[in-house]
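S.K.: Working from the sequences, and respecting the hints, build out all of it.
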Amino acid sequence: MTETDKPVVALRDAAKHFGPVKALDGVSLSVAPGECLGLVGHNGAGKSTLVNLINGTFGPSSGTVDFPGGAGDVRAVFQELSLCPNLTVAENLAMAHPALKGVGWRRPAGAEIRAALDRVFPDHGIDADAEVDTLTIAERQMVEIAIGFAPRGGAARLVILDEPTSSLDEGIARQLLSHVKAFCAAGGAVIFISHMLGEVFDVSSRIVVLKDGTVVADRPVGDFTRAGLVDAMGHVATEGAAQQAARSAPGEVILRAEGLEARRGEVVGLSGLAGHGQAAALARLYLGLSSDWRRGRGAGAVFVAGDRPRDGVLPLWSILRNVSISVLGRGLVDRAAERRLAEDWRKRIGIRTDDLTNPILSLSGGNQQKVLFARALASDAPIVVMDDPMRGVDVGTKQDVYAMIRAEAAKGRTFLWYSTETEEVCQCDRVFVFRNGEISAELTGEQITEERILEASFEMQEAS
Amino acid sequence: MTMSVKPWVWAWLAAAQAFAATLVLTSGRGAGELAYAALSFGAFAAIVGMGQMLVITLGPGNVDLSIPATMTLAGTLALKVMGSDPGTAWLGLIVALGVGLAVGCANFALIWLLRLPPIIATLAASLVYQSVAIWSNRGLRIKPPEGLADFATGRLLGVPNVAWVTLVLAIVVWVLLERAVWGRWLLAAGQNLRAARLAGVPVQAVRAATYVAVAVFASLAGYLLSSFSGGAALNMGAEYLLMSIAVVVIGGSSIAGGNSNVPGVIGASLFMFLVVSMLNSYGAGAGVKSVLTGAIIIAIVIAASTRRPRA
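Residue numbers (this note's numbering), protein chains in the order written: chain A, 519 to 982; chain B, 151 to 461.
No lab work stands behind these hints: they were computed from the structure. One or more of the hints may lead you astray.
As the list claims (entries may be wrong) - Ranges between beta-carbon positions, derived for each pair:
#1 A/Gly955 to B/Ala359: 51 to 61 angstroms
#2 B/Ala406 to A/Glu960: 44 to 54 angstroms
#3 B/Ile405 to A/Thr652: 27 to 37 angstroms
#4 B/Gly380 to A/Ser600: 57 to 67 angstroms
#5 A/Thr652 to B/Val278: 36 to 46 angstroms
#6 B/Ala445 to A/Ser880: 29 to 39 angstroms
#7 A/Asn954 to B/Ile452: 51 to 61 angstroms
#8 B/Ala445 to A/Gly643: 54 to 64 angstroms
#9 A/Asn954 to B/Val278: 42 to 52 angstroms
#10 A/Lys865 to B/Ala166: 42 to 52 angstroms
#11 B/Leu307 to A/Ser880: 21 to 31 angstroms
Stated by the list, open to error - Rough simulated footprint, nothing fancy, chain A against chain B, three-plus residues with beta-carbon under 8 angstroms:
#12 236–245
#13 322–333
#14 348–359
Positions of the beta carbon are idealized from the N, C-alpha and C atoms, including for glycine.
M.R.: See the structure below:
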């Protein structure tokens, strides 16, 4: 860290246009060594585009992106996980490590990733020789982050973290935040992108707010309040989770499976540390409620995926077709009705596009997630199964979706909702806490508090 | 919806060029005959090609390699049942389609129950189908009933009857893919099987129906081809193995699945016949002909391979 006054990266009037879409519209920004820059903004504000510009995925349409100290050792950890699932953890590190070649690269690769994981996530329990597709999504995210911080024949100077904690539980996320602080204190630079404002306040030294492709605020963290930050992002969001008035009286039990119990009109939460069997239980439950062979029985439940590329998005299709796939009926497709339905949901859930026939992949991650919500909510299935569906969704949209879930529940729908965020779980009527693949607690009403959930998430001594 | 060039345009352009290049040599004589021959022979390739397209649309690893054996078996059994007796054409058709149904179910049973990769399952099963054909045929060459042979080689409004049959089938397949719910399910399953299943698509039913459809198409082609060429031969399906895959790819369907197009398969089937007759009329030797055919196919696939999203 010799030239501490030079910024690691400096953008001047950088813009990126995709056809008529201005994803980034003239952004000037620099990041100095030792700084942790918090980057916030709504879905589609241009955060991921900015990351791709700095990472060199594509060049700017106009303006400049400069690296005064060279562009080496700038790393990005992406929101859509980018590991090779058929390779082991150590092999994935080796792919990002150009100096590891020739005979005998396995041992140093294994040692390096083990050291990196130990440094960022003590007690992680991840085997460096495990194939990535045997890991849970949280463990994959941890590996990806560890590879970002690993020396890899140099030393990371700038690490961009795009929604790094969205699939991590609280304890692991805290480990990451303290590592980021230590990394910056030692002279490294971090760009930290998150919709979880508490984390941004905790870890950043400076916050930049993006809106519609431009910087609308760039100030030290001390100059922001939480409400001020939400205002700057430009969404009138009701603060906190205090809107529990609309809770409906639950009806009769309509589902008993996997040790879970759900009543008509109830929002049932699944909680616990990430990777303790919640997602698997939900997938089994959904597959049991629907059929490989018949459509008729399948309409009993719909599924909202959190792992979008694996479980949700149909990548070759337009937004329109992605919305309508679950509600096509039989025989020929009624194309006029299909379009009306999709237009209706575009307005209701605020999918940011001017043409529904645009490809689904032209949307930002959060907007793709809205499409998956629309797909499920557009059906008339009485049970909605949600597998951590808020990953990468901004604060304003989250509030809208919470309200929509409440309204649908009041009409008699049942929601099964797995989430890694305690704040979301606290919105539920009934919560099942998982530990080691089993249900360790069932909480209802007043019992649902962060303390009770955490308590049930960790191993307790056997009460006599 | 703005789409500049649809991928199937390339196959049709190439077919038109091959047609024109042949006619340059003959100064325009024989255009009618050449078009008629292309429609006749292209029809068989198009029928099996459309079946193969449906299977390939199911996604990576899905392909039916039992098409040649299915064609042979269906043609052989149908002709044996008909025994050249007049008035048995419908009976023969029912037998052929029944063979297709049985073969499709057997193929999918191997794939689904034994979890064999489709390439292995259909290739291994095709040995069985071929053996059954040999066993039931015993080297006899049975002529098709006269009326059926006349139909298969005849024409209506100057267009071969087999081409009319292909046109009807093509319209059915197009409606199924572009307008029917079943087509949406097939395309969804081909893009991401897991996501389609989680979106409520009955994916196993879709796969089963697709493997049955390809076998039925192959058996129909076998029935028509053996009637067209005056009897079933044990090697009659051989050239349709690679042909069925080639016309799908040249036609602009994605080999990675989830994307298919019917007009492209038709254009590519005409092209595959026309390019060979073009090289023949220029007097190219067998070796040169193969090299040029291969090179031309690669060029078209490159031109058509730019992926375009669909509305």
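S.K.: For every hint, state whether the structure bears it out.
M.R.: Structure-based check of each hint:
One distance hint, 51 to 61 angstroms for the beta-carbon pair A/Gly955 and B/Ala359, is violated here, with the actual separation near 37 angstroms. Between B/Ala406 and A/Glu960 the beta carbon distance is about 45 angstroms. The supplied range of 44 to 54 angstroms therefore holds. Checking the proposed 27 to 37 angstroms range against B/Ile405 and A/Thr652 shows it holds: the Cβ atoms sit about 29 angstroms from each other. Separated by about 60 angstroms at the C-beta atoms, B/Gly380 and A/Ser600 satisfy the suggested range of 57 to 67 angstroms.
Between A/Thr652 and B/Val278 the C-beta distance comes to about 37 angstroms, which sits within the given range of 36 to 46 angstroms. A beta carbon spacing of about 36 angstroms between B/Ala445 and A/Ser880 agrees with the range 29 to 39 angstroms that was offered as a hint. One distance hint, 51 to 61 angstroms for the beta-carbon pair A/Asn954 and B/Ile452, holds here, with the actual separation near 53 angstroms. The supplied range of 54 to 64 angstroms is met by B/Ala445 and A/Gly643, whose beta-carbon atoms lie about 55 angstroms from each other.
For A/Asn954 and B/Val278, the hinted distance range of 42 to 52 angstroms is satisfied, since their beta carbons lie about 49 angstroms from each other. Our hint of 42 to 52 angstroms for A/Lys865 and B/Ala166 holds, since their Cβ atoms are close to 46 angstroms apart. The hint said 21 to 31 angstroms for the Cβ distance between B/Leu307 and A/Ser880, and at roughly 46 angstroms that hint is violated. Evaluation of the coverage hint for the stretch 236–245 of chain B: breached, as 0 residues show C-beta separations to chain A shorter than 8 angstroms, against a requirement of three.
Counting residues of the stretch 322–333 of chain B whose C-beta lies closer than 8 angstroms to any C-beta of chain A gives 4; at least three are required, and the coverage claim holds. Residues of the stretch 348–359 of chain B lying with their CB closer than 8 angstroms to a CB of chain A number 8, which satisfies the three-residue condition for coverage.
Comparing the model with each earlier hint shows violations of hints 1, 11, 12; every other hint is respected.
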